[in-house]
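Trainee: Sequence:
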Amino acid sequence: MADNISTKSRPKLPFLTRLKLLILGLVRHVYIRRDGTINRRVLRLLDSKASAPATKLIKGTRVSTSDVPIDPSRDLWFRLFVPADGGSGKLLPLIVYFHGGGFTNFGPDSQSFDDLCSRLAAEAPAVVASVNYRLAPEHRYPCQYEDGFDALKFINTQNYAVLPATTDLSKCFIAGDSAGGNIAHHVTFRACRDRHELDRLKIIGLVGLQPFFGGEERTESELRLTSTPMLKVERTDWMWRCFLPEGA
Numbered sequence: 001m002a003d004n005i006s007t008k009s010r011p012k013l014p015f016l017t018r019l020k021l022l023i024l025g026l027v028r029h030v031y032i033r034r035d036g037t038i039n040r041r042v043l044r045l046l047d048s049k050a051s052a053p054a055t056k057l058i059k060g061t062r063v064s065t066s067d068v069p070i071d072p073s074r075d076l077w078f079r080l081f082v083p084a085d086g087g088s089g090k091l092l093p094l095i096v097y098f099h100g101g102g103f104t105n106f107g108p109d110s111q112s113f114d115d116l117c118s119r120l121a122a123e124a125p126a127v128v129a130s131v132n133y134r135l136a137p138e139h140r141y142p143c144q145y146e147d148g149f150d151a152l153k154f155i156n157t158q159n160y161a162v163l164p165a166t167t168d169l170s171k172c173f174i175a176g177d178s179a180g181g182n183i184a185h186h187v188t189f190r191a192c193r194d195r196h197e198l199d200r201l202k203i204i205g206l207v208g209l210q211p212f213f214g215g216e217e218r219t220e221s222e223l224r225l226t227s228t229p230m231l232k233v234e235r236t237d238w239m240w241r242c243f244l245p246e247g248a
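In this text, residue positions in the sequence shown follow the UniProt record's numbering: the first is 1, and each later residue adds one.
Just so you know, these hints were derived from the structure itself, not from any lab.
Think of the CB as a built atom: it goes at the ideal place given N, C-alpha and C, for glycine as much as any other residue.
Wrong hints could be hidden among the right ones.
To be verified - As a list, the in silico DSSO-like pairs of lysine-lysine whose alpha-carbon atoms are at most 30 Å apart:
1) K90 x K12
2) K12 x K202
3) K202 x K56
4) K56 x K232
5) K56 x K153
6) K90 x K232
7) K12 x K153
8) K90 x K153
9) K56 x K90
10) K12 x K171
11) K49 x K59
12) K171 x K59
13) K202 x K153
14) K171 x K153
15) K202 x K232
16) K202 x K171
Unchecked claim - Computed spacing ranges between beta-carbons, pair by pair:
17) P164 x D71: 16 to 26 Å
18) L16 x E217: 15 to 25 Å
19) L16 x T236: 20 to 30 Å
20) R241 x P53: 18 to 28 Å
21) G89 x T219: 41 to 51 Å
22) H196 x E222: 13 to 23 Å
23) F15 x V42: 43 to 53 Å
24) D71 x S48: 41 to 51 Å
25) P53 x K12: 42 to 52 Å
26) A84 x L223: 43 to 53 Å
27) P142 x T219: 41 to 51 Å
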């Protein structure tokens with residue numbers, strides 16, 4: 001039960017980790033305004049970006065990146081990661097990835113997510129399409145889910161023009177971390193419900209990396225966030241207020 005949460009002492013974090021968490025907490029106060037909105041100009045200064053096109057060498061495998069526009073009017077696009085010599089000419093599965101960030105931060109070109117998807121492409125190996133969806137609070141539910149499904153439909157119809165010939169559309173995985181895991185879940189649900197709209201793309205798996213879910217009542221894991229150094233429940237509540245429709 002949520003009322004019987006263990007009060008065992010947590011292991012002490014290394015000094016460098018605690019220092020990074022302290023800095024991260026201070027940074028958040030810089031770009032989040034008192035009214036709960038986000039100062040995007042400040043956030044852009046803090047969000048290190050990776051440019052494309054580019055080529056990286058990941059454990060002996062070259063990974064090339066490029067950006068593919070879908071709908072410029074809503075800044076919908078994806079970054080494509082292709083292992084240039086890791087597939088040995090064999091067909092590679094497709095991973096459609098949704099980045100984390102509490103629905104409010106980051107993008108496929110954020111350095112950390114560019115690095116993550118590069119490694120994923122090289123080590124799987126797989127072709128990876130990391131989707132840039134609209135961010136809250138400027139764009140609220142269901143924009144993120146709609147962007148995700150529209151990205152799938154675009155890949156389904158335009159695959160011959162934007163994906164390498166070695167992409168195996170019959171082996172598509174939807175993946176995401178944190179809020180991206182939430183988006184991946186709902187996009188996969190809709191893809192299964194409306195599978196007639198995806199006649200070429202076959203989704204065979206969902207990969208949720210610590211997916212961000214919530215409800216009307218606190219779960220045990222949410223209550224544990226009251227004492228965590230990284231992400232407290234006050235912060236996740238703010239994320240939900242940004243994401244959900246006004247007054248929800």
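Trainee: All the hints need checking, so say for each whether the structure fits it.
Mentor: A quick look at each hint next to the structure:
no.: 1; hint: K90 x K12; verdict: violated (47 Å)
no.: 2; hint: K12 x K202; verdict: violated (45 Å)
no.: 3; hint: K202 x K56; verdict: holds (29 Å)
no.: 4; hint: K56 x K232; verdict: violated (35 Å)
no.: 5; hint: K56 x K153; verdict: holds (29 Å)
no.: 6; hint: K90 x K232; verdict: violated (45 Å)
no.: 7; hint: K12 x K153; verdict: violated (47 Å)
no.: 8; hint: K90 x K153; verdict: holds (25 Å)
no.: 9; hint: K56 x K90; verdict: holds (20 Å)
no.: 10; hint: K12 x K171; verdict: violated (43 Å)
no.: 11; hint: K49 x K59; verdict: holds (22 Å)
no.: 12; hint: K171 x K59; verdict: holds (24 Å)
no.: 13; hint: K202 x K153; verdict: holds (12 Å)
no.: 14; hint: K171 x K153; verdict: holds (15 Å)
no.: 15; hint: K202 x K232; verdict: violated (38 Å)
no.: 16; hint: K202 x K171; verdict: holds (6 Å)
no.: 17; hint: P164 x D71: 16 to 26 Å; verdict: holds (22 Å)
no.: 18; hint: L16 x E217: 15 to 25 Å; verdict: violated (37 Å)
no.: 19; hint: L16 x T236: 20 to 30 Å; verdict: holds (25 Å)
no.: 20; hint: R241 x P53: 18 to 28 Å; verdict: violated (38 Å)
no.: 21; hint: G89 x T219: 41 to 51 Å; verdict: holds (47 Å)
no.: 22; hint: H196 x E222: 13 to 23 Å; verdict: violated (37 Å)
no.: 23; hint: F15 x V42: 43 to 53 Å; verdict: violated (27 Å)
no.: 24; hint: D71 x S48: 41 to 51 Å; verdict: violated (26 Å)
no.: 25; hint: P53 x K12: 42 to 52 Å; verdict: holds (44 Å)
no.: 26; hint: A84 x L223: 43 to 53 Å; verdict: holds (47 Å)
no.: 27; hint: P142 x T219: 41 to 51 Å; verdict: violated (23 Å)
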